[in-house]
Amino acid sequence: MSLLEIENVTLKFGGLTAVDDLSFSVEEGEVFAIVGPNGAGKSTVFNLISRFYDPYAGSIRFDGHDLLQVKPSGVAAYGVARTFQNIELFEHATVLQNLLVGRHRHRKTNVLSEIFFTPSARRQEIENREKVEEVIDFLDLQAYRDKMIAGLPYGVRKVVEVARALSTDPKLLLLDEPASGLSVEETTDMRWWIDDIRRQMGITVLMVEHDMGLVSGVSDRVLAMADGAKLAMGTPAEVQSHPDVIEAYLGHAA
Amino acid sequence: MRIVFKTDYMQDIRPWKDGFQLSLYLILLAIAVAAPYLLDIFYLGELTNVLIWAIAGLGLMVLTGHTGQASLGHAAFLAIGCYSNVILIEQGVPFIIAFPLAGLLTGVIGATIAIPALRLHGIYLAIFTLALSILMDDVIVLSEPITGGVAGKYIAGVDLLGLTIDRWGTPILFYWLTLAITVIVTLGYINLLRTSLGRSFIAVRDSEVSAQAMGVDIAKTKTVSFGLSCMVTGWAGALMGLYSGAFNNETFSVVISIQLLMMIVIGGLGSIHGAFFGAVVIGFLPQFLSIAKENVSAVFGGGSVAIPGLEFGIFGMILILFILFEPMGLYGRWLKIRTFFELFPFYRKDMFKRQKSYLKTERLR
Ligand SMILES: Nc1ncnc2c1ncn2[C@@H]1O[C@H](COP(=O)(O)OP(=O)(O)OP(=O)(O)O)[C@@H](O)[C@H]1O
Ligand SMILES: [Mg+2]
Chain A
125 MSLLEIENVT LKFGGLTAVD DLSFSVEEGE VFAIVGPNGA GKSTVFNLIS
175 RFYDPYAGSI RFDGHDLLQV KPSGVAAYGV ARTFQNIELF EHATVLQNLL
225 VGRHRHRKTN VLSEIFFTPS ARRQEIENRE KVEEVIDFLD LQAYRDKMIA
275 GLPYGVRKVV EVARALSTDP KLLLLDEPAS GLSVEETTDM RWWIDDIRRQ
325 MGITVLMVEH DMGLVSGVSD RVLAMADGAK LAMGTPAEVQ SHPDVIEAYL
375 GHAA
Chain B
10 MRIVFKTDYM QDIRPWKDGF QLSLYLILLA IAVAAPYLLD IFYLGELTNV
60 LIWAIAGLGL MVLTGHTGQA SLGHAAFLAI GCYSNVILIE QGVPFIIAFP
110 LAGLLTGVIG ATIAIPALRL HGIYLAIFTL ALSILMDDVI VLSEPITGGV
160 AGKYIAGVDL LGLTIDRWGT PILFYWLTLA ITVIVTLGYI NLLRTSLGRS
210 FIAVRDSEVS AQAMGVDIAK TKTVSFGLSC MVTGWAGALM GLYSGAFNNE
260 TFSVVISIQL LMMIVIGGLG SIHGAFFGAV VIGFLPQFLS IAKENVSAVF
310 GGGSVAIPGL EFGIFGMILI LFILFEPMGL YGRWLKIRTF FELFPFYRKD
360 MFKRQKSYLK TERLR
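So the sequences go chain by chain: A and B. Oh and the first sequence: position 144 is 268 in my numbering, straight run, nothing missing. Oh and the second sequence: position 143 is 152 in my numbering, straight run, nothing missing.
Honestly, the hints are just simulated from the structure, not real lab data. As the structure is a computational prediction, the values presented were derived from the model and not from experiment. Check the hints yourself; a few may be wrong.
Calculated lysine-lysine pairs in the PhoX-like style (CA-CA distance at most 25 angstroms, straight line) [as the list claims (entries may be wrong)]:
id, chain 1, residue 1, chain 2, residue 2
1, B, K345, B, K26
2, A, K232, B, K229
3, A, K195, B, K229
4, A, K136, A, K271
5, A, K255, B, K26
6, A, K255, A, K232
7, A, K271, B, K345
8, A, K136, A, K232
9, B, K26, A, K271
10, A, K195, A, K136
11, A, K295, A, K195
12, A, K255, A, K295
13, A, K295, A, K271
14, A, K271, A, K255
For reference, chain A alone in the conformation it holds in the complex:
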């Protein structure tokens, strides 16, 4: 059984079919990339997995659970974390606070124990910090940990978003264009981090990315989409040389 199974999913926005009878599955431990021209429906696939939209048809299963049965806030509880194409951080909070929100799914305390800061609340806070500090070390964010997001440069925000997602201790990490807007060096860092996330942390990665260098560098399999539908699927080299994919990209450019 695959970790994530998307079967015949269709989503329409009014007359526009953003995702069209799409099926694919992501195996545990792999890095799976989705590529496609602008407006292909890649981010919409992520938003479907996050349960922001109800699909018109089809099923989405994760780790044996039917995701369509849960609320958007329930997806994280199964171990799915994500980043956003346009960066959705908590602007008026520090980096540390942002990452600690990532620990929310592990919350065992309640309003009362938190307001009175009982020993169990204290224990949980220490646990949260142990995990968060690990992530801060891993992504080299020490210099920014107490800084407000509102003052951080774009490249750092991208990394903080990945860090926040990792703080949830996910099984599956969804990265929506992790390298967009990054410099060449930052993209190289991101490439090694994605590798380490898979190898050291054992987290499965599903990412949307335009940078074909990054895609072929880290991913095991690639899905190419256009107009909401599957064009081709296979190894990065196979997909890149697929005639339909070349056609879709060139057709768009022309």
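Using the hints, position chain B with the ligands against chain A.
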């Protein structure tokens, strides 16, 4: 600048930065406790009033400052707290039970009202809550048998652990009671902010989409925030009732709601300090204005002309100036001044300038 080397997680979790900061706050608390010996009775009363407003401000701050839900209706919750406290006492419930219960009741009512309000954002939520505040006036008049209607209600003193606490008879005790409640509420608030729930409030305020993706249930979080906010506001209302001794349907008017919101904006949204700074402004503005007026008429003659609505107008003007020039409120200004001294002479003028803010995923709203 004091740099603290952290060697232990608790150093990060505890609310104070280092021993120096802790001692500053302890000194402040000691001065507050000793205030009755330092101030004359008139100013002690004013200080009590400031503390009560600060509690109300803390209540609204939870909802507006930290969860990002604007409320123009919090006077309604002041009223619920005030009336339920007094009505319970009239029914023979001792103050020590009636008072907490009044807050809890207000909290439950607030959380219930939150449910239909959950789908509303920004200006629509503000209008909804404004309507609540207007409606409250009628509710109080219509339920005259319980609330005393237009004639209102009176309360002299209350008994607490064998002591009579009365704003006029024993102002020092009343001040200490208010101070104790202020401290308790503030400590609870601090704890909230350093644990999951408080952080989920901030998450909902700054990005509902990603809060959800982190596993925060938006509806539940907003409901809890409404509940806690209204509970604290209810306590402030109960104290206001005791402070004024008499109240009716007009005591907790829409004007109070607006004033409360202005207060936390001027003080600084999203910080505990903001509620206190705002309360000081609102508490001492009338005094300040009357002194200013005397001086003006002393210079220009003309005696003491009463200008209706002057206070409110000036308050509004201060608010506009703050929104234009210091959106982070007095607390933001204070942070800048402090940073200036800490970094002297290395302070740069653009240190607090916001970076360009990046596009948000508006489509999902
Ligand atoms: N909430 C929405 N309402 C209406 N239309 C939408 C919505 N979200 C996306 N769309 C449309 O669905 C299509 C797919 O959008 P999507 O954001 O998934 O594209 P994408 O593949 O991520 O593109 P990009 O590479 O530009 O990020 C687009 O035509 C877009 O305009
Ligand atoms: Mg996209």
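Tested hints:
| no. | hint | result |
| --- | --- | --- |
| 1 | B/K345 <-> B/K26 | holds, 18 angstroms |
| 2 | A/K232 <-> B/K229 | holds, 16 angstroms |
| 3 | A/K195 <-> B/K229 | holds, 12 angstroms |
| 4 | A/K136 <-> A/K271 | violated, 41 angstroms |
| 5 | A/K255 <-> B/K26 | holds, 22 angstroms |
| 6 | A/K255 <-> A/K232 | holds, 15 angstroms |
| 7 | A/K271 <-> B/K345 | holds, 15 angstroms |
| 8 | A/K136 <-> A/K232 | violated, 38 angstroms |
| 9 | B/K26 <-> A/K271 | holds, 15 angstroms |
| 10 | A/K195 <-> A/K136 | holds, 20 angstroms |
| 11 | A/K295 <-> A/K195 | holds, 18 angstroms |
| 12 | A/K255 <-> A/K295 | holds, 15 angstroms |
| 13 | A/K295 <-> A/K271 | violated, 28 angstroms |
| 14 | A/K271 <-> A/K255 | holds, 19 angstroms |
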